[in-house]
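Student: Add chains X, E, U, H and W to chain S, keeping to what the hints say.
This is what each chain is made of:
Protein chains: 6
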Amino acid sequence: MSEIAGKMSIQEGAKYLEKPMMGRGILLGGVPGVAPAHVVVLGAGVVGTQAAKVAAGLGANVVLMDINLERLRYLDDVMPANVTTIFSDIQTIRENLVLADLVIGAVLIPGAKAPRLVTKKHISEMKPGSVIVDVAIDQGGCVETARPTTHQKPTYVVDNVVHYCVTNMPGAVGRTSTIALCNATLPYALKIANKGFEKAAAEDPGFGEGINLVGGRVTNSAVADSLHLQLQPLRGRGAA
Amino acid sequence: MSEIAGKMSIQEGAKYLEKPMMGRGILLGGVPGVAPAHVVVLGAGVVGTQAAKVAAGLGANVVLMDINLERLRYLDDVMPANVTTIFSDIQTIRENLVLADLVIGAVLIPGAKAPRLVTKKHISEMKPGSVIVDVAIDQGGCVETARPTTHQKPTYVVDNVVHYCVTNMPGAVGRTSTIALCNATLPYALKIANKGFEKAAAEDPGFGEGINLVGGRVTNSAVADSLHLQLQPLRGRGAA
Amino acid sequence: MSEIAGKMSIQEGAKYLEKPMMGRGILLGGVPGVAPAHVVVLGAGVVGTQAAKVAAGLGANVVLMDINLERLRYLDDVMPANVTTIFSDIQTIRENLVLADLVIGAVLIPGAKAPRLVTKKHISEMKPGSVIVDVAIDQGGCVETARPTTHQKPTYVVDNVVHYCVTNMPGAVGRTSTIALCNATLPYALKIANKGFEKAAAEDPGFGEGINLVGGRVTNSAVADSLHLQLQPLRGRGAA
Amino acid sequence: MSEIAGKMSIQEGAKYLEKPMMGRGILLGGVPGVAPAHVVVLGAGVVGTQAAKVAAGLGANVVLMDINLERLRYLDDVMPANVTTIFSDIQTIRENLVLADLVIGAVLIPGAKAPRLVTKKHISEMKPGSVIVDVAIDQGGCVETARPTTHQKPTYVVDNVVHYCVTNMPGAVGRTSTIALCNATLPYALKIANKGFEKAAAEDPGFGEGINLVGGRVTNSAVADSLHLQLQPLRGRGAA
Amino acid sequence: MSEIAGKMSIQEGAKYLEKPMMGRGILLGGVPGVAPAHVVVLGAGVVGTQAAKVAAGLGANVVLMDINLERLRYLDDVMPANVTTIFSDIQTIRENLVLADLVIGAVLIPGAKAPRLVTKKHISEMKPGSVIVDVAIDQGGCVETARPTTHQKPTYVVDNVVHYCVTNMPGAVGRTSTIALCNATLPYALKIANKGFEKAAAEDPGFGEGINLVGGRVTNSAVADSLHLQLQPLRGRGAA
Amino acid sequence: MSEIAGKMSIQEGAKYLEKPMMGRGILLGGVPGVAPAHVVVLGAGVVGTQAAKVAAGLGANVVLMDINLERLRYLDDVMPANVTTIFSDIQTIRENLVLADLVIGAVLIPGAKAPRLVTKKHISEMKPGSVIVDVAIDQGGCVETARPTTHQKPTYVVDNVVHYCVTNMPGAVGRTSTIALCNATLPYALKIANKGFEKAAAEDPGFGEGINLVGGRVTNSAVADSLHLQLQPLRGRGAA
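Protein chains in written order, with numbering that gives the first Met the number 0: chain S, 0 to 239; chain X, 0 to 239; chain E, 0 to 239; chain U, 0 to 239; chain H, 0 to 239; chain W, 0 to 239.
The following block holds chain S by itself, in its conformation from the complex (with noise of 0.2 Å):
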């Protein structure tokens, strides 16, 4: 659902650019001899890394920031040439804020609370019009002034900046979800019908990460932190 998720983060920011809809009047792509927007993705995970790829294809100029070089690097290969990487840093991020006309909030660590990169006081800086589209707003989002809205009602304006924070967005495009969504949970379904969860999980640690809870218990580490609840993980779970 990432990849939906960061596809249509775009889709949604190009269209609330348009002035109709409060945004700067621009186009993402720019034409021949006027210049593209400029946009920033902050996190390159699967989330960030689709927005990238789509706005770039749009013709958009797209600065994709991240703390992990590796992946860095592994997107400099991959990754169209309106692609730029940035390492991410308080200043870094600042500076690429102050110029964006659309921002793409993509930082979420799983089962965790989003952390808060975008503040009040750069939401002020950045230009009339601007957008920004909050993906990670189910994990409380990364942007302070992010507050969940829906399909019916989709934006807010706070200090001229259009914010579009709606919860479960690859609802709008539920065709293409639905399928999406059976096909990354096949694999786990069939091993549980064959198996049952506790031979799975003990069999293959990654598949017992993907479990929450168990029989009342909280069995993920990062879920236990984010509500402040006890961890009590699975037996038979991998070390690594």
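Keep in mind that the hints were calculated from the coordinates and are not lab data.
Incorrect hints may appear among the rest.
Identical chains blur together in the list; that is why a pair holds if it fits in one copy or across any two.
Derived pair list, reagent style DSS-like, types lysine-lysine, alpha-carbon separation capped at 27 Å [unchecked claim]:
hint, residue 1, residue 2
1, Lys-198, Lys-152
2, Lys-152, Lys-194
3, Lys-18, Lys-152
4, Lys-194, Lys-112
5, Lys-198, Lys-126
6, Lys-112, Lys-152
7, Lys-194, Lys-119
8, Lys-18, Lys-126
9, Lys-194, Lys-126
Tutor: Showing chains X, E, U, H and W alone in chain S's frame:
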């Protein structure tokens, strides 16, 4: 402005394919493991070319149709690999409309009415929830069921197909459009300022063709044909 | 050698699609104005990946199917834009076989028999003159109607579908194959020469897995399963 | 049809480079770790361009030779990175033939005999098992040792070089060829039907040039030169 | 030779951006995690196009500026994604010079003096250690502070901006230049040898335009204007 | 820093191929109609990969050599089409050195001396005026004739081959290097600050391997081997 309309047409089409917008609930570019949308672009002029390029950039499978083989050859050289050029005739149009998730009507003949390539019957055979964007609406539209709409209420539904027929589409991205328009018209404005339009037109036949009305006379043949008025060509206008 | 078989499979498929070869009389890559062929590649391992890359290079529309989502994600990053990745299940396989001009069977499980993904019924529903190349024929084939052929008489026809099932395909490009084989085996040969195979296998589990028979004992589990013989693992073989 | 012949020439060349076909036993595109074939394309018109594009798509190293510098510049803009354009002269032709695994003769002058760029001596210096495809064979061939062959027996060997000189190559992919031919000729057929050929030719010099014979008179200068007949131009034919 | 100068200009610019060469100490293409240089190319003719292509190939963010919108459209079709085309006017030039690490002056009008697009004031506003390469120096330069230099001492510094203004740049890569020059001039030499220059010029207006001086008379209008001499056109020279 | 050295190596090589720099007078990327340079990169690690990418971006024909087949496969997926991967052995190295205009020595083994792949004899067989850049010079060089030079006097000539062997190449682009170094080391610095190096090394074997000396003891085996000192591994260091 054609380039802007072409690029916007895909952006709008992608948005209205979403379920809350009455579309099929499909993500234009698909995701790994799920097929992308099938986009049909009718007309390979400036509008259609930009539309095809953007749709391809988003990851869709694109069919670009035209009857100008020379143009299709050039586009085959420069378009991304997921754009297929098809020679347009009654049969190939129908074959492709039946498969389409998104159709862009981009058949414009300068100054003349657009030909009606997509009929009511075609529309009735399209998939429910598919979207059609008629960029030719300013010249009467190339879709039989098209009627002008506005940015306030951009779409309506006929036979389960969402129609987007906003006149003056580039108005929504006014900042980009204004710069593009200045770039395109500046050289002509300078010529008129320096020479007067009569001398400018006499020296440059292409310039002369852009002059539609002079002191009440219709000087452009396409305009004259289209409005059933008498043509009175400019003196000194080139033969080409 | 898998890479060579993968690349060759498309070259052969393109050739046997020609009319004098009993094929549909279709050019794989199309030409400007005429749609290219629809190529379906079953399996996204080394064979299938190379096949997809070459078919895309020729200009075909390619569908690459697999059940490994992680692999499909990587391929989505690095494949040309005219390759679509589809999660493989009974329904998507059938949908794509019906449309296919060329099918590449590339589902190989190391040392084991290939699963029969394409049935007699599928073949009967394919277009007349379409071509199927079963690269998995050395492990029994992933097409029900496949039986081994030779470079001398490489094809036969079942239900109007041309079958190409040459065992040892890379033999036809011996010069390239010989170099490739040396490159791939040299490091192992050096290890055996320097350490003896037992020590080499003990130190490098991946190496040990490549040893199928030792003094009459079957030491590889996939081979043992496939031939219904008893497995006698190497001592000192790693756990991975 | 030139586009089809160009694309097919590589497909055939790749096939006849196989060992059982008398070729060098080389895979056109190489594999990781093994160098690809060296393909030389003589002539950068429609045939040569398509041949170069397909060979590059397969992964070969391609040299595309011509004497039209303007054309080479355009091709340098749009060709894949593994196509090198070289200005064609006696020395560069020879240097490249010596290195070639596959040579495509694509020097066609409309209506005239093809120039003999590749001589017997060149052939004798080529690598054993290399392949030469003379697409210009319908106009007499641009290879001295070329003589027409058929799809039934397409090749013969001279000085260890495999010659493929099938006349009417596109006949083998009849389905694609028929559609392509219709697309290309339809506009002319419509003009003749609407206006008669004389009026059509008078209005459109390019059209007039396509008329070779009128009531027994040779009206095309290249045809007249080539067959040593007297030229009797069409009246009303443009000067261009 | 323009192509060589264009390509070399980036190679030189990259070198003189190094710290020991007095430049900013910046790597043109950046590395994963560090932003690349901002390269501004003034003029999108042959020189500017090649410069932009090479800079993009090195990984820089490139802005290519011109006032010919038709040309910008074509370049938008064929340039890599990290080249942005911008319509050139006083404001956009200044905006981009301020951000530039490397500026290429590539505004050449055949035979005429280059316009002074970059003024002393612009230079004073540029970043310390940035580099400017004025390829137009042979026609007087398009940078106000430019004065001719040599391969022996190629650069000097004005207002902390490194100036590279070597006349006859292609001389440094004599081997490539000699071949390129032969290729470009051979057709003309053959025409002169076969027909004499007067007949050749009469038949081919483009050829005639290349003749600047005949028996002491200035026959080319741009040259005449530029040197304040009287123009005496060739007889039989075409109107175009 | 390896990435910077890799990218710079091509930039330097291109510069020193110029005639006034003692090189062959060749433009790395060629121009339309003139073949580009042949660049050989020895070693496909980070340095070699970046070098190959940049050389390809400039338009050269690039051969990238290594003995790690898995790595060559990945590079074949992500490199531009004008990079050919070749499995490196005595014969292929020699074949390619003879043809090379520019050679990049990029064979580095972390902490150990670089192997001497290019011998005096190889150098004597290379083309006059060709250039060799030995990036491995900091570990002793992989070219027999290499000896350390400085940015002040970066090159010398042996057997007509220009040698560029500057130690600490990235120093010339200090601004880029400083940022890159911070990005790469920041996570380690934070770990040391938070945990002390002993705990950090115990928890993360990869981290531990980066520690070469502890209180006078050599803790890294490659360093110990290379300097013939005794190895005293860190306690708590992982087995991997």
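Student: Each of the hints needs a verdict: does it hold here or not?
Tutor: Hints versus structure:
For a Cα distance limit of 27 Å, the shortest separation of Lys-198 from Lys-152 qualifies neither inside one copy, at 45 Å, nor across copies, at 50 Å. Taking the shortest alpha-carbon separations for Lys-152 and Lys-194, neither the intra-copy value of 44 Å nor the inter-copy value of 47 Å comes in at or below 27 Å. Both within a single protomer and between protomers do Lys-18 and Lys-152 lie at most 27 Å apart by alpha-carbon distance, with minima of 17 Å and 14 Å respectively. Taking the shortest Cα distances, Lys-194 and Lys-112 sit within 27 Å of each other only across copies (24 Å), while inside one copy they are farther apart (32 Å).
Proximity of Lys-198 to Lys-126 under the C-alpha cut-off of 27 Å is found in neither arrangement, the shortest distances being 54 Å within a copy and 45 Å between copies. When the C-alpha separation of Lys-112 and Lys-152 is checked against a cutoff of 27 Å, the pair qualifies only within one copy, where the shortest distance is 24 Å, while the shortest distance between copies is 39 Å. Taking CA atoms no more than 27 Å apart as the test, Lys-194 paired with Lys-119 passes in neither setting, with 50 Å inside one copy and 32 Å between copies. Taking identical chains as interchangeable, the C-alpha atoms of Lys-18 and Lys-126 lie at most 27 Å apart only when both belong to the same chain, with a minimum of 14 Å there against 31 Å between chains.
Taking the closest pair of Cα atoms, Lys-194 and Lys-126 never come within 27 Å of each other, the shortest separation being 55 Å inside a single copy and 41 Å across copies.
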